[in-house]
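Given next are the chains, with one letter for each unit.
Protein chains: 2
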Amino acid sequence: MSNDPTTDPRLRSWVDIAEGSDFPIQNLPYGVFRRPGGTPRMGVAIGGFVFDLAGVAEAGLLDHVAVEQSAFHSSSLNSFIASGRSVWRQLRARVSELLEISCPEIKGAPGLADRSLVPMSEVELLAPIEPGDYVDFYSSLQHATNLGRLFRPDGEPLLPNWRHLPVGYHGRSSSVVASGTPIKRPTGQLKGPDEPPRWGPTERLDIELEVGFITGRANSLGESVPINGAEEHIFGVVLVNDWSARDIQAWEYQPLGPFLGKSFATSIGPWVVTLDALEPFRVAAPAQDPVVLEYLREEQRRGIDIHLEVALATPDMPKAHVISRVNFSEMYWTMAQQLAHATSNGTPVRAGDLYASGTVSGAEAGTFGSLIELTRNGSEPITLASGEQRRFLEDGDTAIVRGFCGGGDRPRIGFGEVRGTVA
Amino acid sequence: MSNDPTTDPRLRSWVDIAEGSDFPIQNLPYGVFRRPGGTPRMGVAIGGFVFDLAGVAEAGLLDHVAVEQSAFHSSSLNSFIASGRSVWRQLRARVSELLEISCPEIKGAPGLADRSLVPMSEVELLAPIEPGDYVDFYSSLQHATNLGRLFRPDGEPLLPNWRHLPVGYHGRSSSVVASGTPIKRPTGQLKGPDEPPRWGPTERLDIELEVGFITGRANSLGESVPINGAEEHIFGVVLVNDWSARDIQAWEYQPLGPFLGKSFATSIGPWVVTLDALEPFRVAAPAQDPVVLEYLREEQRRGIDIHLEVALATPDMPKAHVISRVNFSEMYWTMAQQLAHATSNGTPVRAGDLYASGTVSGAEAGTFGSLIELTRNGSEPITLASGEQRRFLEDGDTAIVRGFCGGGDRPRIGFGEVRGTVA
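Note that the protein sequences, when read in sequence, are chains A and B. If you count the first sequence from 1, you need to add 5 to reach my numbering. If you count the second sequence from 1, you need to add 5 to reach my numbering.
With the rest of the complex left out, here is chain A:
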């Protein structure tokens, strides 16, 4: 993949792209957008613009790419993703070609550039996928250790199965929402020690900084996805904020796991960055001890060097304050392992399914991906730049998750941001 021309750092586009943009021509992430009053269309982010693939297709410029026209007008990327990897690559190569600085096909056609490029600020960015199934893992060693200490203070923080398999569970797909969707504080059963359960709005509304991968159709009922080659079935990667109500979760979660403490909302980023675009940023994943069973054993363990951060803004502090920074490459379980494990029993994976990493946390203070960790279960509030303190989210707070690879003298492959305000 190192000679994939679409990631060549020397590539330049005829589109005017600001220094430090998340979306140079080496990125080309996919999303779904809507002009005011318009219908959903498939697009690619380039600089400050959305490149309107539906429009470009109507102009006849995607005729040799094996994508149904209807996919460009779909409310999600699912039908495009169902077309499979060779078609993903065909379209990426063609979009890269059309946006490359020497290509006359769009920039040379009267008015076509203006019709094909919409300023991002003028459109609504929708959730890029409609997941059939949504799986949430728990793959950060540090996060699992931190939460084990908080939820089970008298036991071993890491349960015996954790280093043998990527622990995960099914989340709710109906509440996977676009960045920007207001998050209504959920109500539920809350229970303090030595008091009966009561009903009320959560008092411990939290974020979870996660990274999700999105699959193509990977297998049929009864088949498994082999660990080596599993990434062939991964379309791309998206930022995730898996909102959590810690008090609802703590009371409900035994013995069958999280349910209403999580299912009220999961925000995902507007842009799916393809594995092809991320290829230059693949790094060795941490070594595993003990050695895992063969169905999880990789010829090459590969993580992704994604710089992640969480920021908070408040009604009194509109400029967001970064509360956590962590790198995704620290994850103990890789995407390939997650996919091989999730299908090891033969359950089918569909195009557009979402597999989230679980909260990404590092070892040091300031690298935790949730407030419950940052504030030690609310006992040590954090202080924001405005002087305000936070244990958990308050009404009006906005949580922002951002992520990017590269930067500096390398192309910056950014994910944009996932944003949600507590309503």
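Just so you know, not all the hints are guaranteed correct.
Each pair may be met inside one copy or between any two copies, as identical chains are not told apart.
[Claimed, not checked] Below, in silico cross-link-like pairs of lysine to any residue (SDA-like), each with a Cα-Cα straight-line distance of 20 Å or less:
#1 196 to 298
#2 112 to 150
#3 196 to 157
#4 324 to 392
#5 112 to 67
Derived by calculation from the structure, the hints in this document are not laboratory data.
Model the placement of chain B on the given structure of chain A, informed by the hints.
Positioned in the frame of chain A, the structure of chain B alone reads:
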């Protein structure tokens, strides 16, 4: 509802219906079928026939029912279900009218009866719904107690939250399959006491006898479904066998709940029996102690008097042997409570979602809905009519779940059966 003409026991059909059929004219459950080499069509079970709604609609006999023609040709009932309760009732009333003994519209039209009625043995019955989300509850007091004793022998069998809320979790929707789908024995991580985990086919393949309800679109993000009136959003009820690999489940399930031990397959019945058809069989649900919080408190607690049974057939015993009989009316948590709870945090419910009851078990021997209970975790095998013993399912075994209401001098409102053979 007691004067709903479609459930009048005096109703008779011009279709020849065998004594004891699950499908008299008072039932009219919906399903999706396919003639050999044909495409999916929506149908209604009547006696030993499928009443082909797509064909009847093409003949112009459903013109005054507000259902899109495409719904009759859909691969699932989802789009019909999305049309809402008043349309559900319109169609039911019209189908009842067309099949009623004095109605000439079909029986009097040359050849139309033959074209509209297909012998059930000549068609493939598909899964009637494509669930967006699949939730599995744990609502039988006896089952939760039995499993608590087996999985946590040193603790209280019932966890403290169980009587305060209907415990549940999200299952996998991609592996919800039609009755008759072969069930491949899943592989996974198995771990005995004092030994490291190993990889292999499950040695504890089990069934779970359940009843599921299927929703219409019930609410939008941020709204809840109020407990009183919750059933207005329930389209109907279906039999469920939630296959389980007990050894995979036991090792993986803490702290986030069941995952691969359940996600390999969930078989559902071919026929969705509407709440309207079940209305004559509604009974008082068990009293609850302690009193539940207000969002779960019902003006009238209503269960359904469904006779359920599980039977096993083996290669050496083709005639199925009934291993368990139990009544669904014993469930501690009602469907209305399950739906109100599941949406209490504002998560949306879509048309065609599946909410399963959890295993239905009674208090006495012979009334347990899973082998792990019937055999006390495999320690006390059951003996079949053939003399064979079973602790868990063996290859070639066929599990059959059946259910019906009424019978005797009342119309028998049956669900047909859910069948699956271990491949």
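Taking the hints in turn, this is what the structure says about them:
1. 196 to 298: between (40 Å within a copy, 12 Å between copies)
2. 112 to 150: Neither. Shortest intra-copy (53 Å) and inter-copy (70 Å) distances fail the 20 Å Cα cut-off.
3. 196 to 157: within (16 Å within a copy, 23 Å between copies)
4. 324 to 392: within (13 Å within a copy, 75 Å between copies)
5. 112 to 67: within (15 Å within a copy, 54 Å between copies)
Against the hints set out earlier in the document, a violation occurs for number 2 only.
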